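Participant: Chain by chain, the residues run as shown.
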Amino acid sequence: MTSAARGRCLRALALASISLLATSPGAAPAEAGFQLDLDVGAMVHETFDARNLRARVSWVGREPRFDLQADRLRLPDPVGVVEDLRLNCPRVEMTARRLACADARLTARGAGWGLDAAALRFDWDREAGSVRFSAPWPGLFRGQGRVSGLAGGGGLRLDFDVAGIDLSLLLQSGLVPVELPVSVDAGTVGVSGHIDTRGRVPGAQLDLTVAALDFSDPAGLRAAEDLSMSGTLVHGAAGYEVQARFTEGAVFFEPWFLDFAEVGPVAVSLSSLQFIPSVADHPGWHAASAEVTLGGHTRVSGTDLRYSGARLEQGGIEWNARRLDLVGTWFAEPLLAGTILGRTRFEGETHGWLQVSGGWARALEASWQGLGLSDGLDRFALQGSAGNVAWSDSEVGPESVLYVASGEVLGLPVGAFDMRFQLEPRGFRLVEPLFVPVLDGGPGVDSFHLSVGPDGPEIEFEGGLRALSLELLTEILGWPRFAGRLAGIIPRVFYDADGLRVDGLLLVRVFDGEVVLSGLRIRNLFGVAPELEVSAKVRRLDLDLLTSAFDLGRVEGRLSGAVENLLLVEWVPERMGFFLSTPEEDPGRRRISQRAVENLTAIGGGVEGALAAAFLRIFDDFAYSRLGFGCELEGEVCVAKGVADLQDGSFILVQGGGLPRIEVIGHNRRVDWPELVRRLNAVREGPAPVVQ
Amino acid sequence: MRALRRMSVVFLVAFLASACVTIHIYFPAAAAEEAARTIVRDVLEVQDPPGNEPGAAPEPTSRGGTPSSILPAVAWALDRLVAPASAQTPDLRVESPAINRLRASMRSRNAELAPYLRSGAIGFGRDGYVAIRDLSDVPLRERSQLQRLVNEENADRRALYREIARANDRPDWETNIRETFARVWVDEAPSGYWYQDAGGNWRQK
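Going down the list, the sequences are from chains A and B. Take 1 as the starting number for the first sequence in the numbering used here and just add one per residue. Take 693 as the starting number for the second sequence in the numbering used here and just add one per residue.
In case anyone wonders, no lab produced these hints; they're calculated from the structure. Predicted model only: the values in this text are computed from it and were never measured. Treat the hints with caution; some may be incorrect.
Cβ-to-Cβ under 10 Å is the rule here; a few derived chain B residues that face chain A [to be verified]:
#1 734
#2 737
#3 790
#4 794
#5 797
#6 799
#7 803
#8 827
#9 834
#10 851
#11 862
#12 870
Some residues of chain A that are not near chain B, with every Cβ distance over 12 Å (derived) [said to hold, decoys possible]:
#13 495
#14 523
#15 672
Cβ-Cβ distance ranges computed for the label pairs, FRET-style [claimed, not checked]:
#16 657(A) x 802(B): 39 to 49 Å
#17 834(B) x 182(A): 13 to 23 Å
#18 81(A) x 802(B): 34 to 44 Å
#19 377(A) x 802(B): 18 to 28 Å
#20 359(A) x 834(B): 28 to 38 Å
#21 238(A) x 867(B): 17 to 27 Å
#22 810(B) x 358(A): 39 to 49 Å
Using N, Cα and C, we set each Cβ at its ideal position, and we do this for glycine too.
Modelling step: build the complete structure from the supplied sequences, incorporating the hints.
Facilitator: The structure is reproduced here in structure tokens:
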């Protein structure tokens with residue numbers, strides 16, 4: 001229907017219900033004049049519906065007066081129903097074409113708002129079919145300013161410049177046609193600009209300034225205090241253009257808290273924003289472009305973004321973050337709380353892009369420089385990392401590289417290394433062998449391929465452990481320091497919910513003998529209680545080297561045995577069973593020094609210097625036939641055993657051989673393990689006993 | 693008539709035989725509850741009431757057994773047919789290095805969480821975790837820290853339930869253990885703490 005047709009429709013309805021009364025002069029006896037009353041029962045138009053509309057034009061003296069009343073007027077949203085409307089104009093300028101009033105007063109009442117004799121100026125051009133009006137802001141919602149407009153031509157243009165509107169009152173009025181998920185407790189808004197509904201596409205340009213805004217949702221998960229922002233909102237044929245800049249105050253949007261005084265200004269812009277039908281009650285939108293900048297150092301932008309069903313359906317996202325330390329603290333740390341990365345500190349910078357289509361990531365490229373992170377709990381850290389990564393869901397990506405200048409894992413220093421790899425749509429492949437320097441050796445991976453198929457992840461692995469110095473390792477781990485090398489071949493590595501399992505044997509060459517590690521399993525490596533399980537076969541350790549390393553007093557001979565099911569929790573033995581003794585084959589020269597005997601006595605809780613008073617003090621060392629010690633450790637209790645048991649329940653630790661014959665006998669089978677370790681350390685750190 | 697009697701005997705034997713194999717211990721609910729109570733009291737630093745020491749004989753749970761109150765004769769027969777060993781209460785292991793460290797971690801966090809549990813900002817959820825209830829009265833700056841505490845607490849609780857199941861070589865018990873703990877957290881919560889009832893509604897003890 002054309003506007004002309006609508007107008008005809010309006011007139012037809014109006015005429016059908018108008019009763020015209022003409023009152024002769026004399027209604028106001030004091031002055032000459034006349035009065036014309038129009039009583040319209042109903043006036044209906046597609047944009048309004050007026051009931052009991054009454055108009056009066058009266059001439060008193062030379063100045064005509066115009067009064068208009070309506071019991072009820074329905075206007076388009078957001079104004080809605082207006083009741084008790086009264087427009088009074090004491091002086092009407094009236095010509096054949098125009099009806100104007102410079103000092104009208106408007107009284108009306110709507111849902112949550114009311115006007116009481118608000119000043120109004122209007123000019124009705126009957127020929128053009130338009131009304132111009134202007135008025136000071138009538139104090140609604142405590143605002144101040146001015147409003148003007150032009151109604152006609154099938155629409156309305158409204159210009160306004162109003163400041164200090166109480167947002168809380170405004171939202172309570174129901175005039176804002178948006179249901180907010182938060183309640184506003186305080187805050188003012190200033191708005192200037194215009195709204196124009198006359199064209200084919202309604203247009204609007206609003207400049208907004210919000211100050212001292214406090215809002216919160218019922219649970220306090222989305223809240224702001226003292227928030228200040230400014231922005232513009234422009235609506236045109238392509239949708240909304242939105243720009244907003246947050247400068248003061250603080251917000252909490254679970255789980256993030258931002259204090260803009262600390263973060264710096266945050267700017268948000270959206271271009272050609274259009275709302276699309278919601279999916280499963282989740283509102284949807286599309287934007288040709290979007291950008292968020294944070295404090296001048298971080299920028300995230302997007303193009304052709306489509307958000308629907310509570311997820312990003314499509315779009316390209318680019319980021320450039322030059323202060324990962326700040327971004328990490330503000331955004332990553334709250335998000336990762338409760339995970340092994342929950343207290344991680346970041347540094348460095350990164351940029352890259354991500355392509356999303358059909359609600360899934362399709363391609364990604366990222367690069368980073370100067371990247372550093374530390375978990376805050378001394379479990380792992382890396383510094384000076386640089387690299388780039390490329391991934392696509394449709395083809396094998398180009399070569400990616402990760403370079404690390406240095407790092408630390410559970411106290412062990414990690415040297416510089418670079419890893420060259422390719423990301424597959426659902427997999428990862430090492431392009432060239434990787435070696436991670438740890439101390440003077442370290443783990444190496446010759447080949448690695450991970451692919452995730454319908455039956456779960458599959459791993460192809462080939463690698464080993466290049467010999468590393470036990471002297472450095474033991475020093476860093478705080479263990480008794482001793483020399484040796486740790487090396488091995490790792491044919492397979494498994495990772496599942498129960499942790500990391502290494503299939504293969506690790507060979508430790510130490511004290512001129514060998515320790516072969518097997519059944520290595522690591523759980524909760526970076527968790528609350530990292531666990532390492534391993535078993536070991538010990539072959540022919542040279543006791544001379546071993547006792548020298550531990551400074552226990554010289555013992556000559558060899559030591560063999562096994563350690564079963566050793567469980568280290570945070571590198572402290574929690575459970576194990578071991579027995580180490582003189583090998584039966586080729587035991588070699590077997591001598592134990594007086595000092596070693598003294599130390600063994602001290603470790604076992606015997607009387608120090610027990611030998612000093614005896615005649616045996618004249619010997620530096622003694623021959624022995626065999627020695628050995630075993631322990632079944634569970635918690636803090638070690639059930640000890642020696643090379644032979646005696647009838648009284650005691651056990652022989654060192655069985656003498658030849659003359660003078662000396663034997664070391666243990667009487668306490670249940671040993672307090674921490675106390676044993678403490679005594680061992682005391683012996684190592686204490687002065688050497690004096691042998692007279 | 694003879695056929696009927698024979699059928700009755702066959703039926704009775706078949707019934708008893710089938711009843712015998714229906715008693716299985718699937719989850720040591722009483723032992724788990726007792727263990728949970730010990731851990732929860734330790735974490736919340738609740739004093740054991742006198743005479744309520746742990747160690748009371750827990751009861752096995754059964755599935756498919758016939759209630760003895762309905763058929764006392766059958767129960768009497770079952771009592772004698774079921775081997776004593778299979779009706780013994782299974783033990784539940786709640787000691788392991790990981791469990792001990794998780795307990796210590798939770799205990800050390802308890803002092804930080806307690807004021808918020810008392811104020812109702814957070815509460816014990818019906819799922820065995822801590823849940824955000826109403827942060828409105830928490831200063832804005834503290835909310836993120838509280839959220840972090842809750843996430844860390846829940847990560848510890850998740851790990852605790854998993855570790856207890858693992859310590860008993862029954863990973864499939866994890867859900868039962870979590871449900872048991874969910875009840876006990878509420879039972880042992882000090883007066884004034886907030887919790888979710890079975891319907892998910894928040895209540896204050």
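Participant: Compare the structure with each hint and give your call.
Facilitator: Hints, one by one, checked against the model:
Nearest Cβ of chain A to the Cβ of residue 734(B): about 16 Å, over the 10 Å cut. The hint is violated. Annotation: interface hint on residue 737(B) violated; nearest CB of chain A at approximately 19 Å, more than 10 Å. Taken as an interface hint, residue 790(B) checks out: its beta carbon lies about 4 Å from the nearest beta carbon of chain A, inside 10 Å. For residue 794(B), the shortest C-beta to C-beta distance to chain A is roughly 6 Å, which falls under 10 Å, so the interface hint holds.
Given hint, residue 797(B) at the interface with chain A, holds; its Cβ is 6 Å from that chain's nearest Cβ, closer than 10 Å. Taken as an interface hint, residue 799(B) does not check out: its beta carbon lies about 13 Å from the nearest beta carbon of chain A, beyond 10 Å. At about 18 Å, the closest approach between the beta carbon of residue 803(B) and any beta carbon in chain A exceeds 10 Å, and the interface hint on this residue is violated. Taken as an interface hint, residue 827(B) checks out: its beta carbon lies about 3 Å from the nearest beta carbon of chain A, inside 10 Å.
Because the closest C-beta pair between residue 834(B) and chain A is about 9 Å apart, less than 10 Å, the hint holds. Residue-level restraint check for residue 851(B) holds (minimum Cβ-Cβ distance to chain A is 7 Å; threshold 10 Å). At its closest, the beta carbon of residue 862(B) sits 14 Å from a beta carbon of chain A; the interface hint therefore is violated under the 10 Å criterion. The interface hint given for residue 870(B) is violated, since its Cβ lies 16 Å from the closest Cβ of chain A, which is over the 10 Å cut-off.
The non-interface label for residue 495(A) is consistent with chain B: the shortest C-beta to C-beta separation is roughly 16 Å, beyond 12 Å. Against the 12 Å criterion, residue 523(A) falls within the reach of chain B, whose nearest CB is about 8 Å from its own CB. Listed as a non-interface residue, residue 672(A) keeps its Cβ farther than 12 Å from every Cβ of chain B; the least gap is roughly 17 Å. About 59 Å separates the C-beta atoms of residue 657(A) and residue 802(B), a value inconsistent with the hinted range of 39 to 49 Å.
Distance hint check: the CB atoms of residue 834(B) and residue 182(A) are about 19 Å apart, consistent with the given range 13 to 23 Å. As the Cβ distance of residue 81(A) to residue 802(B) is approximately 56 Å, the hint placing it in 34 to 44 Å is violated. For the pair residue 377(A) and residue 802(B), the supplied restraint of 18 to 28 Å holds, since their beta-carbon distance comes to about 20 Å. Distance hint check: the CB atoms of residue 359(A) and residue 834(B) are about 36 Å apart, consistent with the given range 28 to 38 Å.
A beta carbon spacing of about 52 Å between residue 238(A) and residue 867(B) contradicts the range 17 to 27 Å that was offered as a hint. Restraint check, residue 810(B) to residue 358(A): a C-beta distance of roughly 48 Å satisfies the suggested window 39 to 49 Å.
Hint compliance for this structure: hints 1, 2, 6, 7, 11, 12, 14, 16, 18 and 21 are not met, and every other hint is.
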